[in-house]
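Each chain, written out:
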Amino acid sequence: MKAVISALLAMTVGGSLQAAEISMDDQSQLTQKASKTAGEPYFQPPQERDLPANAYGELVEQGRAIFVDTQKYAAEYVGNGMNCTNCHTEQGRKANSAPLWGAYPMYPAYRKKNDKVNSYAERMQGCFQFSMNGTPPAADSHVINALTAYSYWLSTGAPTGQELPGRAYPEVPQPKDGFDIAKGRQIYAEQCAVCHGDNGQGQKAGDVYVFPPLWGRDSFNWGAGMHRINTAAAFIKESMPLGKGGTLSGDEAWHVAAYMNSHERPQDPRLVEGSVEKTRLRYHANDGVNLYGQKVDGVVLGQGIE
Amino acid sequence: MTFPRWPLAGVAALLLAMQAQAADGQKIYTQGGANPAAMACGTCHGADGRGMAAGGFPRLAGLAAGYSAKQLEDFRSGSRANPIMQPIAAALSDEEIQAVTAALAAMPAPPMAGVGRGEKAEGAGEVLALRGAWERNIPECVACHGPGGVGVGESFPPLAGQSAQYLRAQLEAWRQGTRKNDPNDLMGHIARSMTDVEVQAASDYFAGLELKEASQ
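Going down the list, the sequences are from chains A and B.
Going by my numbering, the first residue of the first sequence is number 1, and it counts up by one from there.
Going by my numbering, the first residue of the second sequence is number 1001, and it counts up by one from there.
Note that these hints are calculated values from the structure, not bench results.
Wrong hints could be hidden among the right ones.
Here are the simulated SDA-like pairs of lysine to any residue, each with C-alpha atoms no more than 20 Å apart in a straight line [to be verified]:
{"id": "1", "chain 1": "B", "residue 1": "K1120", "chain 2": "A", "residue 2": "L271"}
{"id": "2", "chain 1": "A", "residue 1": "K204", "chain 2": "B", "residue 2": "A1064"}
{"id": "3", "chain 1": "B", "residue 1": "K1120", "chain 2": "A", "residue 2": "E61"}
{"id": "4", "chain 1": "A", "residue 1": "K204", "chain 2": "B", "residue 2": "A1113"}
Start from the sequences and build out the full structure, keeping to the hints where you can.
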């Protein structure tokens, strides 16, 4: 009953109409509790060559293709220059990079924050809306079905409802004296610009992005999990520079993550009544460490880019 | 057209002509540089710049000017060691390097097929190219070299359109430490983590992409 009323309210109050279209408004951080001992291996997803040659194998293969080349295979749902695998590396297989085998068995999931149960489809729709700055495909669409089949297959043999080690990006403690954007700029120039460009704009071959943009119009929006400095630091420490994950110190990862996330990017689609401040209070004030609605170099971040 | 513009345009044309005389990239390519040790590039790299597989001479046509210029500087400094190219690079002036690399970038590249990570992968070479071997910190080759190895920007050269002999020789050079010119060892650690079988398979794969295209 309560839900019906609030849904009706959302439809009648013009300003919040947009809120009704948000598929998973809680994008807060994963908190990993499961750990493993040093020698213990991570969960091993099955090998592609072992996929059966039937309709199931074909759907899984389509899901994989969508995941690694979302630009090409699900273009109508993507509003930026990114692919799912840009953040979920090794085609969604890599431990400590939010692998799909760590995610799939954990849904449906109850989130206390908004007192909601989110299905796996809704979790993926959330990444379409925020990380891909797009319009999520319907829960019963081919794209969601194929991505679900791919996730299900990767989870072959994994227990359900039991968190596996390697599910999240492993947390990196904040530097003792806080993060330093100026140091981050320096690290960026030395270690990242060769691929992601001098202005975080990424690089293309022809008209397709090979190195994804880190900020600006074609990057993830202000509602995406990666906009949190702590989440970005965790991802970067584990996986960047590409092929040389683990070579930056934890402090360096924080500095460069803060530099990256101190730039403008597309607006948070949950924007409350057109106000950055109201949006900050509702969605960003208690969401890890982030700069949305904060002043950096005299400019308030979170204005968005059309 | 207003009158005062004429003298300016004249000066610009003159300057251009002088520059062209100082270092004509096309001429260096076909006839060599001012110093006779800077031999004509085309003799080895082919009249069309597509290289000569048997000699291990790479294609230069269509390479980004920034990449080629950096390679010539690396041959000069010795961070990329090669008995044939080092003396040639040393004999080129800075101006000549600028001119000839601009000419190389303007030469048409061979047609290439942009095979990306969405495609199915069969065989060791293609698996490495499109899936990588992440447990050894080897990302998909195409994650840096672009779909089908077409090359990306000034820092990531094309692999397609090169011969298997040349590609393999470069991977071996990194393994043996005679080529150590890549930014932050981005390529070196990958070559060193590859097995002998993988070196051959990946080289054959990228060389084969162009063949497929050419035979169509």
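message = Run the distance test for K204/A versus A1113/B: straight-line Cα separation, threshold 20 Å.
response = holds, 16 Å
ask   = Can the restraint linking K204/A and A1064/B be considered satisfied, given a maximum Cα separation of 20 Å?
value = With Cα atoms ~14 Å apart, K204/A and A1064/B stay inside 20 Å; holds.
Satisfaction of hint between E61/A and K1120/B, Cα-Cα up to 20 Å = Distance ~8 Å between K1120/B and E61/A Cα, so the pair holds.
ask   = Can the restraint linking K1120/B and L271/A be considered satisfied, given a maximum Cα separation of 20 Å?
value = violated, 40 Å
In terms of the numbered hints stated before, the structure departs from hint 1 and from no other.
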